[in-house]
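*Asks:* Using the sequences plus the hints, can you model the full thing?
Going down the list, the protein sequences come from chains V and C. Counting from 1, one number per residue, gives the positions in the first sequence under my numbering. Counting from 97, one number per residue, gives the positions in the second sequence under my numbering.
Hints may contain errors.
Claimed, not checked - Residues from chain V that face chain C, not an exhaustive set, calculated with beta carbons under 10 Å:
no.: 1; residue: His29
no.: 2; residue: Ala30
no.: 3; residue: Thr34
no.: 4; residue: Ala36
no.: 5; residue: Met39
no.: 6; residue: Ala40
no.: 7; residue: Arg41
no.: 8; residue: Asp42
no.: 9; residue: Val43
no.: 10; residue: Gln48
no.: 11; residue: Lys69
no.: 12; residue: Phe73
no.: 13; residue: Met76
no.: 14; residue: Asp78
no.: 15; residue: Val80
Treat the hints as calculated values from the structure; they're not laboratory data. Ideal placement from N, C-alpha and C gives every residue a C-beta, glycine not left out.
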Amino acid sequence: MNNRNEWPLWEVFVRSRNGLDHKHAGSVHAPDATLALQMARDVYTRRQEGVSIWVVPSDQITASDPGDKAAFFDPMEDKVYRHPTFYELPEEVNHM
Amino acid sequence: MTSTQPAGALCADHMRYVLRIADGSLILGQRLGEWCGHGPVLEEDIALTNVALDLIGQARLLLTHAGRLEDRGRDEDALAFLRDESEFLNPTLVELPNGDFAQSCLRTLFYAGWQQALWTPLLQSRDAELAAIAEKSRKETRYHCEHLSEWVVRLGDGTDESHARMQSALNYLYPYVTELFVPDEIDGAAVAAGIGPAVDTLRAAWDAALLPVLAEATLELPGATPFRSTGRQGRHSEFMGFLLAEMQSLARAHPGATW
Numbered sequence: 001m002n003n004r005n006e007w008p009l010w011e012v013f014v015r016s017r018n019g020l021d022h023k024h025a026g027s028v029h030a031p032d033a034t035l036a037l038q039m040a041r042d043v044y045t046r047r048q049e050g051v052s053i054w055v056v057p058s059d060q061i062t063a064s065d066p067g068d069k070a071a072f073f074d075p076m077e078d079k080v081y082r083h084p085t086f087y088e089l090p091e092e093v094n095h096m
Numbered sequence: 097m098t099s100t101q102p103a104g105a106l107c108a109d110h111m112r113y114v115l116r117i118a119d120g121s122l123i124l125g126q127r128l129g130e131w132c133g134h135g136p137v138l139e140e141d142i143a144l145t146n147v148a149l150d151l152i153g154q155a156r157l158l159l160t161h162a163g164r165l166e167d168r169g170r171d172e173d174a175l176a177f178l179r180d181e182s183e184f185l186n187p188t189l190v191e192l193p194n195g196d197f198a199q200s201c202l203r204t205l206f207y208a209g210w211q212q213a214l215w216t217p218l219l220q221s222r223d224a225e226l227a228a229i230a231e232k233s234r235k236e237t238r239y240h241c242e243h244l245s246e247w248v249v250r251l252g253d254g255t256d257e258s259h260a261r262m263q264s265a266l267n268y269l270y271p272y273v274t275e276l277f278v279p280d281e282i283d284g285a286a287v288a289a290g291i292g293p294a295v296d297t298l299r300a301a302w303d304a305a306l307l308p309v310l311a312e313a314t315l316e317l318p319g320a321t322p323f324r325s326t327g328r329q330g331r332h333s334e335f336m337g338f339l340l341a342e343m344q345s346l347a348r349a350h351p352g353a354t355w
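*Replies:* Here it is, written out as C-alpha cells:
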C-alpha cells in the first residue's frame with residue numbers, strides 16, 4: 001500500500017451452501033488476514049448468507065485490462081461451433 | 097409457571113439471578129449501540145453493531161424469562177424500559193462510558209470473557225430455559241471474545257499511541273472486574289437450587305481466557321485496589337442515570353407504543 005494510513009483492501013468470496021462455489025461478495029478494508037476474515041463475516045454474512053469465506057488481498061489479483069476487451073473476448077463471438085448446441089446429434093445418442 | 101419452579105422467596109432470588117445476567121447484556125448492548133455510525137471504519141462499525149445486537153437479543157430472551165419467573169405480568173419491554181436505576185442489577189463495568197475505541201474493546205472483552213465463563217456451567221442448569229439461552233448465546237459470545245481479543249492485541253502491541261491508550265483503558269477498567277466475581281446470597285440460592293454457578297467460580301476460566309490475551313498485548317495488570325463497584329446490588333455509578341434516560345425516554349414518552 002502506498003498510503004500508510006489506509007488498510008489494505010481484501011476481496012471477499014462467500015460460499016452460501018455446502019456444495020456451491022465461493023462467489024465474489026465484495027471487499028473490505030482490514031489490517032491483516034485474520035481481521036479481514038472477521039470483517040468479511042460481519043459485513044457479508046450477517047443475514048446467514050454463508051457457510052465459508054475466503055479473503056484474498058486485492059493487490060494479489062491480476063485482472064484483465066478493460067482496454068483489451070475487444071481483443072480478449074470479441075473473437076469468440078462467431079465461433080458458434082464451440083457450443084455443443086451447434087451439432088446435430090444422431091437419434092441413437094440419447095440423453096446427451 | 098412450570099411445576100419445577102420454586103415458590104416464594106426462592107423464586108424471587110431465581111428471578112434476580114436471571115435479571116443480573118439479562119441486565120449485563122442489555123446495558124452493554126446499549127453502550128455498544130452508541131458506536132453505531134461512529135466506528136473507526138465502516139467494517140468495524142458493522143462489527144460492533146453486530147455485537148450490540150447479539151447482546152440485546154440475549155437480553156430480550158433473559159428479560160422475558162425473568163418476567164415469567166416473577167409472574168407479575170412484566171414483559172421484556174416493561175423490565176427494560178420501565179424499571180428505575182436501583183432496580184437494574186448489571187455490574188458497573190458495563191455501564192461505564194465507552195471512552196475511546198481501546199476502552200470499548202477492552203470492556204467488551206472483559207464482559208464477554210465473564211459471559212463465556214458463565215454460559216458453560218449454565219448449560220447444566222435445572223432451569224431449562226436458562227440452559228437453552230446459554231446454549232444459544234455461547235456461540236455469539238465466543239465470537240465476541242475472538243473479535244475483541246484481536247483488537248486488544250493489535251492495539252496493545254501496536255504503536256506507542258495505541259499501546260498507551262490500551263494500557264490506560266486497562267488501568268481504568270480493571271478495578272471494575274473485581275465485582276464480576278463477588279458472590280452474594282442470590283448466587284448462593286442459585287447454587288443451592290441448581291440454577292447456576294456462583295460467580296466466584298468463574299474467575300479461573302476468565303483468567304485462563306483473558307490473561308494470555310493481555311500478556312500478548314504487552315499490557316501490565318494494575319495493582320490490586322480496595323475499590324469495589326456495586327452495580328449488581330443496584331447501586332450504580334453516576335453514568336447509569338444518563339444511560340437509562342437515553343435508553344428509556346422513547347418508551348416512557350409513548351407508553352405501550354409498538355413499532
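*Asks:* What are the numbers of the hints the structure violates, in ascending order?
*Replies:* Structure breaks hints 10, 11, 12, 13, 14 and 15.
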